[in-house]
Amino acid sequence: MKFLHLNLLWAWLAMLPAFAAADPTAVARLWEKSVVKVEVSRNLYDYYQPWNRRNDRSIKIGLVVGERQIITTAQDLSDRVLVRLQKGGRGKWTNAKVEWVDYHANLAVLTTDDATFWSGLQPAKLNGQAPAEGAALQIIRWREGKLESRSAEFTQFAVRQSELSSISHVQLELSSEIQGAGLGEPVVANSQIVGIVAAQRGRTCKVIPAAFMRTILAARQAGNARGLGYFHFYWQPAENPASLAHLRLPGEPRGVLVINVPERPDAGEQVLQPRDIILEIDGFDVDLQGDYLDPEFGSLMLENLSTRGKWAGDDVKMKIWRDGKPLEVTYRLPKYEFAHSLVPTGVYDQPPDYLIVGGLVFQPLTVPYLQRWGNDWERRAPFRFTYYTGEEATRDQAGIVILSQVLPDAFNLGYQEQRGFAVDKVNGQRVTSLTELRAALQQPKDKFHVFDFVPNESLQRIVLAAGDAEREATQRVLERFGIAEATQITPKAAALK
Amino acid sequence: MFLKNAIVALLIISVINGFATEPERSAIQILTYRQEPDWSAPWRFDAVQRAGGSGFVIKGKRIMTNAHVVSWCRQIIVRKYQDAKPYLATVEYIGHDCDLALLTVADESFFDQLPALDFGELPKVRSTVVTYGYPAGGEEISYTRGVVSRIEMSAYSHIGNRRLLTVQTDAAINPGNSGGPVIQDDRVVGVAFQGIAGLENTGFFIPPPVIQRFLKDVEDKHYDGVPLVGVHFVPLQNPAYRTRLQLPDNNLGTRVDYLRPHSSASNVLQPDDVVLQVGEFPVASDGTILYQSNRVFCALGFQLGQSGDTVPLKIWRAGQEQNVNVKVAASDEDQPEGNQFDVKPRYFFFGGLVFTPLSRDYLGAATRDNTEGSGTDLTYELFYRSLEEPALVREEPVVLSSVLADAVNANFRVRGRVLVDRINGARIEKLADAIHAFETSTNTYDVIEFIKSHQFEALEHTEAVRANTKILKTYGVPRDRQL
Numbered sequence: 066m067k068f069l070h071l072n073l074l075w076a077w078l079a080m081l082p083a084f085a086a087a088d089p090t091a092v093a094r095l096w097e098k099s100v101v102k103v104e105v106s107r108n109l110y111d112y113y114q115p116w117n118r119r120n121d122r123s124i125k126i127g128l129v130v131g132e133r134q135i136i137t138t139a140q141d142l143s144d145r146v147l148v149r150l151q152k153g154g155r156g157k158w159t160n161a162k163v164e165w166v167d168y169h170a171n172l173a174v175l176t177t178d179d180a181t182f183w184s185g186l187q188p189a190k191l192n193g194q195a196p197a198e199g200a201a202l203q204i205i206r207w208r209e210g211k212l213e214s215r216s217a218e219f220t221q222f223a224v225r226q227s228e229l230s231s232i233s234h235v236q237l238e239l240s241s242e243i244q245g246a247g248l249g250e251p252v253v254a255n256s257q258i259v260g261i262v263a264a265q266r267g268r269t270c271k272v273i274p275a276a277f278m279r280t281i282l283a284a285r286q287a288g289n290a291r292g293l294g295y296f297h298f299y300w301q302p303a304e305n306p307a308s309l310a311h312l313r314l315p316g317e318p319r320g321v322l323v324i325n326v327p328e329r330p331d332a333g334e335q336v337l338q339p340r341d342i343i344l345e346i347d348g349f350d351v352d353l354q355g356d357y358l359d360p361e362f363g364s365l366m367l368e369n370l371s372t373r374g375k376w377a378g379d380d381v382k383m384k385i386w387r388d389g390k391p392l393e394v395t396y397r398l399p400k401y402e403f404a405h406s407l408v409p410t411g412v413y414d415q416p417p418d419y420l421i422v423g424g425l426v427f428q429p430l431t432v433p434y435l436q437r438w439g440n441d442w443e444r445r446a447p448f449r450f451t452y453y454t455g456e457e458a459t460r461d462q463a464g465i466v467i468l469s470q471v472l473p474d475a476f477n478l479g480y481q482e483q484r485g486f487a488v489d490k491v492n493g494q495r496v497t498s499l500t501e502l503r504a505a506l507q508q509p510k511d512k513f514h515v516f517d518f519v520p521n522e523s524l525q526r527i528v529l530a531a532g533d534a535e536r537e538a539t540q541r542v543l544e545r546f547g548i549a550e551a552t553q554i555t556p557k558a559a560a561l562k
Numbered sequence: 131m132f133l134k135n136a137i138v139a140l141l142i143i144s145v146i147n148g149f150a151t152e153p154e155r156s157a158i159q160i161l162t163y164r165q166e167p168d169w170s171a172p173w174r175f176d177a178v179q180r181a182g183g184s185g186f187v188i189k190g191k192r193i194m195t196n197a198h199v200v201s202w203c204r205q206i207i208v209r210k211y212q213d214a215k216p217y218l219a220t221v222e223y224i225g226h227d228c229d230l231a232l233l234t235v236a237d238e239s240f241f242d243q244l245p246a247l248d249f250g251e252l253p254k255v256r257s258t259v260v261t262y263g264y265p266a267g268g269e270e271i272s273y274t275r276g277v278v279s280r281i282e283m284s285a286y287s288h289i290g291n292r293r294l295l296t297v298q299t300d301a302a303i304n305p306g307n308s309g310g311p312v313i314q315d316d317r318v319v320g321v322a323f324q325g326i327a328g329l330e331n332t333g334f335f336i337p338p339p340v341i342q343r344f345l346k347d348v349e350d351k352h353y354d355g356v357p358l359v360g361v362h363f364v365p366l367q368n369p370a371y372r373t374r375l376q377l378p379d380n381n382l383g384t385r386v387d388y389l390r391p392h393s394s395a396s397n398v399l400q401p402d403d404v405v406l407q408v409g410e411f412p413v414a415s416d417g418t419i420l421y422q423s424n425r426v427f428c429a430l431g432f433q434l435g436q437s438g439d440t441v442p443l444k445i446w447r448a449g450q451e452q453n454v455n456v457k458v459a460a461s462d463e464d465q466p467e468g469n470q471f472d473v474k475p476r477y478f479f480f481g482g483l484v485f486t487p488l489s490r491d492y493l494g495a496a497t498r499d500n501t502e503g504s505g506t507d508l509t510y511e512l513f514y515r516s517l518e519e520p521a522l523v524r525e526e527p528v529v530l531s532s533v534l535a536d537a538v539n540a541n542f543r544v545r546g547r548v549l550v551d552r553i554n555g556a557r558i559e560k561l562a563d564a565i566h567a568f569e570t571s572t573n574t575y576d577v578i579e580f581i582k583s584h585q586f587e588a589l590e591h592t593e594a595v596r597a598n599t600k601i602l603k604t605y606g607v608p609r610d611r612q613l
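Just so you know, the protein sequences line up as chains A and B, in that order.
Converting from the first sequence to my numbering requires adding 65 to each position, the first position being numbered 1.
Converting from the second sequence to my numbering requires adding 130 to each position, the first position being numbered 1.
By construction, these hints were calculated from the structure, which means they are not laboratory data.
C-beta: ideal position from N, C-alpha, C; glycine also.
Among the clues, some could well be false.
Claimed, not checked - Stretches of chain B that chain A covers, calculated by requiring three or more beta carbons in the stretch to come under 8 angstroms of a beta carbon on chain A: (1) 371-382; (2) 462-475; (3) 534-547; (4) 585-593.
Stated by the list, open to error - Example chain B residues on the side facing chain A (calculated, C-beta under 8 angstroms, incomplete): (5) P365; (6) H392; (7) S396; (8) F427; (9) T506.
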């Protein structure tokens, strides 16, 4: 039945392009049975007062892509309380379930058990091919009860960071007059789905290509979606032929130079070394800029070869040049986990962690915390905190705990103004996570807690009384400042071991 | 009896110093032509700027003014009150840390009929002062009257990394007032020197204790500088901390939080020592001393004397009071972290690559365009590394400031503003190391590695040597080094 149904749809789609191209309204009509509205009610957290949360509602666009399957971007689906769907751009809302969400791929699959919702809807096929340069495209969305279709022009394929993660993969860039896009709106070329819009900056829309979604959905279906992998090393283009000559590479200049190979977060072996020249990855020649020729998308940055049909844990063959000789190595792709970064770029589906002791508030340093300085936090947040975001996690330093503020109480008199320091040791023990902090607080030194901060020019040590006075003070602070819990610590995915 | 003496004294002053009621005669207008180097292209100077300030005549045929008025000057012209004639002046002594300078005038007739102003004491808060000077907005002398608002330690913006005693007044102090005398009862009680943008009715002047110290400092014909102790003192008010240190709850004592790496006190003091008294001044638990009825930060207690002086301290360590002596000394060890003046930026040039030591001035010039993320590694190296990773500190971190394009270096991806880690494998601790690495190289390719990206570039050695003179000429760089 399903087979037949899809075939019919195919035939129907095949007839359309001739007039659809000329008439945007007709294009819209073609998609109104596949495009739905998604409403997400969610908790937003205040990283300055991590015990606080407020409710927020956002509207997104979803695309029916299979039997009882709606795809959309992962954005705004984190910390959700309720997700609902609406078809036809108006009328009744139906409660939905999030079947699967991957913040690194920035994709999510939604469904609903309510059979009536699916009647009248038709799945679209993610069959779109790479558009040609300058191709005329349409961005489709529900707006005020009508299906809106806005024209867009294809600019390029480029390997870009995902919106919610540091994973890079091929994305499509469009130019359009549309405003406020980036909520999962389908991009179509006549009858074909080209991708869904992940973000808009100015006139430029960043689109997740159909091919990328297709591979991920297929892998998910086959039970193979192990998460995206990435290359955990740094390279520089080899545009300076003297550098290649110095490394004794004969022949035409080619390849890129490996410059930094940090510890792997999964403790796996690093098969590359600084000063290796990468000549070939997964069968593709790497040029001086670090690009390879993708059969589908043209010239792309080599980072894409860590996600092109590959998953975390997969092997990627590389031909390299080391010590004046060619060498073949097999690179096993590590899985990208936010918690593996020294300063996690994302914290999803969990309230912010904190620990209050005697009015001192400790938090892990994360990018969401830094974002309370605004969109230009990289310029406005305290320099030292921002600088940590460019540093690597190591076995000795898996994370940073900071004293974020002091809630004033007689107990902490003299420290009320202190804030913004990274913790080095507590009671003589190194502290790189709130769990370690909690453990260190169990072992006061001669009835005192001694907090040593990373050397700075403001304050390097705080001493508090430990024991009953401390517990009473913590309780008093919680009551006075209206805080329910003294600690909020979400267990972490295993980090560097 | 007392009153009578006072009257006599006043009469004597007015007899001896017949012009004392007219300090404006001794207030001097200073016109300068200054030229600063371009720290990111260290062989080059910026355009000549015309600027100005004020000064005043003191004993010994000298003009006192601010260091910042006469820094980087190519020519200094001084003019007397209601006298059109320009006189040429030169800097005799300059103290950048305390923002004071003394000028001499080649034509000594300048001082004819010019009474020298005498110095008074630190004025009282709420007392009235009058500033004399030649601020912007007109040509003639200007007077502003105000009260002394407060007296405390604050940052001297000229050098940028020193905090000294400062008096705040609500008398208007505007650009051009700098260096002018602040007068009370016909005596100089301050030298006007800075304001705070955005704050109204707040001008600042340098008070007599700082001025007198400067004058005494130069008595040996050499300016040493304000002595430093290199210790960070923090308040000690938390009851638990005091209990842990077995200190009575008597509101006394400031805690030693850390010592700078080259602190002259490092063999005497240690973290968690509590300083109870500096010299003659008991220290309160917020780190202040009572100085002439003003609560000011205790660092003042180390700054009143000269470099090399010994300051007796009463400290609390391991539950006991002890008396120790700390030698204080002027230090230029942290000079790169502050603004530098009247020096030629050092650099070395090889194959179009310009290497220069990292400094606050360089950083300011290199990040002036405020490119996102530019300079963060440099900022860390200059201001944080010595605190956090003292073992990795380099004597004089070297920056590849720019790459002047030539066929020999055209393929470099690194275009400058990066810290040099190694050249030909040798760790670069100072500019001399970079020079040595290139000049002794026998390699086909010189390899330069950078912090912290780990990027590297290779340069054909003989080609670079051959091209050097040509590139210097092309870009108008007068010589390949300035050391």
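Indices of hints not satisfied (ascending) = When the structure is compared with the hints, numbers 2, 6, 7 and 8 turn out to be violated.
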